[in-house]
Every structure is written in structure tokens, then in C-alpha cells.
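Q: So the sequence lines, in the order shown, correspond to chains A and B. Here our numbering runs 25 ahead of the position in the first sequence, where the first position is 1. Once you know that position 281 of the second sequence is 268 in our numbering, the rest is easy, because the numbers rise by one and skip nothing.
Read the hints as simulated data drawn from the structure, not as lab findings. Errors might be hidden in some of the hints.
Only some residues are given here: those of chain A computed to face chain B with a beta carbon under 7 Å [stated by the list, open to error]: (1) Gln107; (2) Arg112; (3) Val116; (4) Gly119; (5) Arg124; (6) Ala140; (7) Lys229.
Derived coverage of chain B by chain A (criterion: at least 3 residues anywhere in the stretch with Cβ under 8 Å from a Cβ of chain A; other residues may be distant) [claimed, not checked]: (8) 10 to 24; (9) 68 to 81; (10) 95 to 109; (11) 121 to 132; (12) 239 to 245.
Just so it is clear, CB atoms sit at the ideal spot from N, CA and C, and this is done for glycine as well.
Spelled out from the first residue to the last, the chains are:
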Amino acid sequence: MSDTFNEGITCEFLDDCDIVWDRPDSLLDTRLHYCPGCGHSVVHRLLMEVVDELGIRDRTIGIAPVGCSVFAYNYLNIDMQQAAHGRATAVATGIKRVRPDRIVFTYQGDGDLAAIGTGETIHTVNRGENIVIIFINNGIYGMTGGQMAPTTLPGVKTSTTTSGRDVSIHGHPLKIAEMLALLPGAYYVTRTSVISANHVRKTKKALLKAFKYQMEGKGGVSFVEVVSNCPAGWKMTPVDSNKWLETNVFDNFPLGDIKLPVKD
Amino acid sequence: MSQKHLMKGNEALAEAAIRAGMKGYFGYPITPQSELLEYLSVHLNNRGGSFVQAESEIAAINMVYGAAGIGERAMTSTSSPGFSLMQECISYIACAELPCLLVNIVRGGPGLGTIQPSQGDYFQAVKGGGHGDYKLIVLAPNSVQEMADFVYLGFDLADKYRNPVLILSDGALGQMMEAVKFPDYDIEAHKVDKSEWATTGNATGTHKVITSLYIKTEKMEEVNLKLQAKYREIQEKEVRYETVETEDADLVIVAFGLSARVAHKAVDICREQGMKVGLLRPKTLFPFPKDQIKSLAEQVDQMLVVEMNAGQMLEDVQLNVSGKIPVEFYGRMGGLIPTPDEIVNKIKSMYEQYNPMEVTHV
């Protein structure tokens, strides 16, 4: 299928045209397995734009989690390691400590980073590892079929909260970014989304900053949370899922910088 | 050859790891292996490596995964309950074929157990431990000297076969002090080319991926078959063992690690008293010296397996003896170590009960 994906897009004047939009070199030319409208695809692209713009493909190592983005390495043309569920930041620590000259990032969902991997997440940040953590928070376990996540909002129905998340039974949505921002090892903590062109641009800027901080060896984790959607898991159209983000989720997970680097 | 040092087993192992070019050590405190962690916290960062005290054994082994995956020599050490915690990631490491060194300074179990020495983790070490069909190369030292020697061997075997290697020791060997010599070891000469698979960055245009995920069943079977072929090669080429007075023996003790040391003393006592007793000591528990057990079963009348557990290696000995001769067992548990006298008494009772008319050598 992927061979014929761009079939028909030809232009006899192509040689004379300026290219204003193209696939980043580091994004492989293959069809993604993500559901239509899913935010993962957009963040993957932004991430590879950043890697290409910074010219760091030859020294960047990404860690793929367990979850929908476990297959990130099928799309990102950079060296990658797949980590056990929740352990991505420990794997990243191992790499960065023996090769501090490498650029290391993890790419994790909410179940991975904020449930099973909470311990690793907190201690990696607390040690101030000089890495980037990209946290895709869509409030659900997508890959296993839509179960409650640590970030699921109160009242939201999932396959393990069929009457809606009751905080007296299931606890509260975990605002892990705010928790991490309290730690001295957190250098930069921000929360963005990819629901519109404007938000996509902001996310790109945040990712660029995060990687630059690591390259400058500022010391400390740069943490970019992208509040994203899961149309299939939420049982919504992509458009409705983005509306839901605006009307419900951003109130609970407000967008914007949570911790900015202290000026030198 | 360098001078002699008087060191604890744990410290000798740690020092050898630095001398073997270990770049990353990731560990968590647990008795009776903590000296290893403490020694490396003092010395590793000053000598070209990186020491991290992890927040858990789970984090520690995953740090090893990352460091090994980028092609550097990496290691973790722990004791029994901690080793149980590491099993998930060890399975990942085995499947992703990442060379690294693991150390289990075994203590008495099950559960939180005791901090005294044991060999109760034999099954866990040689039969998998984690999920799926995989094997570790398992080395069983019986002295402080071997605690050091097996580090170099372990890293070399790990690199050669792209397989995790486990040093299975125990609390007594970790804690006891003996003289040890560190061999001259040229790190550069022992380096293997890992550029084909180590994730150091995509400099060629083709990216490298370390994973143990293969959704397609045929591919997953292919990966399994490749692993099994590797394990067969290891079984064929890497068996290591020591024999003591087996040439004319009619009774042979099979024991590893600390038990083998005690058994060696028992052999000496038996010989003084005119009993023709020998010892087979596997140094590699995987690969297990199957052929040596089989050929001894043709030679001797009886075997005795001595372990600090309820009889775990016993099953592997029985499997290879295949009922040809009687195989008896003597073991202590809960952190207790068998004494030479206990073993000698067991051997005497075996000679008393032994009726050669019941045994036919085929």
C-alpha cells in the first residue's frame, strides 16, 4: 500500500518549484498504524522535524514504550530501543550515563509513564538525567482496548470504568507533570497539544527547546507533555475528540509552561 | 601477573569488573551483595565508568538494557529477591540478545528468607527465571579468585554470544576474604565489533532497532529458533568443569560453588579413610556438563549430589544419569552450609546400603 500512497501526485514543473512542505528525512516513508485522527502521527512528525533541523540523527537514540507507540521505531528513522512497560526512562538513563555525548529521549504514554513506570519517571527526573521525556497523555490505555488510565478524567467511561471513573473507587487523575516540576532535577516542564495548527506549532517549539537544552548540557530533564486524543478508545470522531479536549480535558490539564529554566 | 590482594569476594568481583572495561554499573542495595555496590560507588566513576544507584532492581536491570544496547559493557548485581524482580527485563535482554553481566549473590529463600548463603536460585538461574524460552550462560565460582576470574570470562562470553551471562554465587563467597590475583587483561584486545546492532545513532541512513517484539508469529518463531541454535552451540563449546580424584573413584560427588568446596574437603577425608570418592564440579551450570555426568555414570557405582537447597541441580544430574546408577542427595537449606563431616557420614551410609548385585552396567 505504501508504494502507491503518493501515486498521482506528479507535476511537470516540479523542478522549478520551491518545496514548501515535505516529509522530514528522518520520518520513514511508510504508512502509520495509528488510527485516523490520532495525535501520535503528528508528534512523530514534529519529533523528526526537530531531529533533522538540529542535525542530530547520527547521535540520537529514542526509547519506545509499551503501548500504541511501541512501534514508533517502524516510523522514525533513528536508532531506537524498545523498553519494557514503564521502564523507558531507566533505559534512557543507562544509555546516557555510558554515552553522555548521545542525545536521548523517551516517548511514553500515560499508562507507561504515569502508572506502571511512575517510580522510574520520578527518580529519573529527580536524578536530573540530561534527557528529553515526551509524554503523550490521552487519558486511556489505547492498545489494550480502552481501559482506565491514571489520567482518565472523573466520570469518563472506559472498559474498566463502565459507569464512569468514580474517584472514590478509582482515585483521581494524576497530574504527573505538576508533580515532576517540583523536583530540582526537572529543568523544563511544559504541556501542549496538537489539536490545531497553532497548537502544533507550539508543540514543535517546545520539542525544539527541550532537545536544545539537552544538547547544551543544561543538566536536568526536559519534559514535554502533549495532551492528546484517542478517537477509537474514546469512541468519538477525530473532530469530536478534539472538541472534547477543548471543552473538558484542558480544564483538568491546563496547557502552557509549568516550569521554565532558571536564567543563567 | 599482578600481586596478591586480600579481598572479599564481592569486592574482588567489583574490581575485576572495572579491570574488564565495564562502563556502566547499575545496582540497588541488598544484603549480602552490598559491598559490590559500595566498592563500585567509590571506584568506578574515577576509572572511566559510570555508577548509578538505581531506585529499584527493576530500574537497575533496565539501565543495563540501555547501556548494553548502546554497545558498552554493563553489569548489575543483586541477591535473590532482587534477582526475582529483574526477571522481566532479563527475558527482554535475552530476546534482544544484549551482552551484559548479571550477578546473583544468593541468599536463603523463599520469600524475604534470610541473609545467609544458599544455592536455592539454581532453577531460576538455569531454567529461565523469566517468561519465554531463553537461557543465560551461568557461571558458578567457588572461590574469591573465581569471583574475579569469571567476570572477565563472563564479559567475553556475553560479547561472543550476544547473551546475558550470570555469575551465580552465594552470600558466603561474597563475604569471605581470600587472596586474589587479577590477571593482565587487555580491554582493547577483547573488544568485539558491535557496530552492526548497537544503537549509537543512525549515521548510515539505516537505523538500528533493539526490540523483543515480533507480532508476526512466524517471525517470533524464527527468533526463537535462532536463540535455540545459539544455546546448542553454547552447550557444545562452552562447558567448563573441574574433577577431583575421579579417575579411580567408585562414588562421585557432584556439587557446584560453595558446596563443591565443602565436598572437596569431604573427598579428602574419605580418601584418607580409604574410600574411593571423587568430585565433579560444574563451573558452568548452563551449559551443564551433561557428557561428563553421562560418562561418570558408566564408571562409578553411585553419585551424591550436594547442594545448599532442596535438590535442584540434582534433577539435571538424574536426567543425565538416566537411572543407570543410584543418585543420592544431601542438602541444607535456610542459609545453612553442609559440613564435610555431614557429607562423609552420608557417603558412609551410601556405601553401607549399596548392593552391587542390584546394579548392572550396560
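Q: Each hint: holds or not?
A: Taking the hints in turn, this is what the structure says about them:
1. For Gln107 of chain A, the interface hint holds, the least distance from its beta-carbon to any beta-carbon of chain B being 4 Å, beneath 7 Å.
2. For the restraint placing Arg112 of chain A at the interface with chain B, the shortest Cβ-Cβ distance is roughly 4 Å, inside the 7 Å limit, so the hint holds.
3. Restraint check, Val116 of chain A versus chain B: the minimum CB separation of about 4 Å is within 7 Å; hint holds.
4. Annotation: Gly119 of chain A was flagged as interfacial toward chain B, and the flag holds, the nearest CB pair being 3 Å apart, inside 7 Å.
5. Nearest Cβ of chain B to the Cβ of Arg124 of chain A: about 5 Å, under the 7 Å cut. The hint holds.
6. Contact between Ala140 of chain A and chain B, as hinted, is not supported at the beta carbon level, the nearest pair being about 14 Å apart and thus beyond 7 Å.
7. At about 21 Å, the closest approach between the beta carbon of Lys229 of chain A and any beta carbon in chain B exceeds 7 Å, and the interface hint on this residue is violated.
8. Coverage of the segment 10 to 24 of chain B by chain A holds in this model, with 3 residues showing a Cβ closer than 8 Å to a Cβ of that chain against a need of three.
9. Proximity of the segment 68 to 81 of chain B to chain A, defined as three or more residues with a beta carbon under 8 Å from a beta carbon of that chain, is established by the 3 residues found.
10. For the segment 95 to 109 of chain B, the stated coverage by chain A is not satisfied: 0 residues place a CB nearer than 8 Å to a CB of that chain, which falls below the threshold of 3.
11. Counting residues of the segment 121 to 132 of chain B whose CB lies closer than 8 Å to any CB of chain A gives 0, which falls below the minimum of 3, so the coverage claim is violated.
12. Check on the segment 239 to 245 of chain B: 0 of its residues sit with their Cβ under 8 Å from a Cβ of chain A, so the three-residue criterion for coverage is violated.
Against the hints set out earlier in the document, violations occur for numbers 6, 7, 10, 11 and 12.
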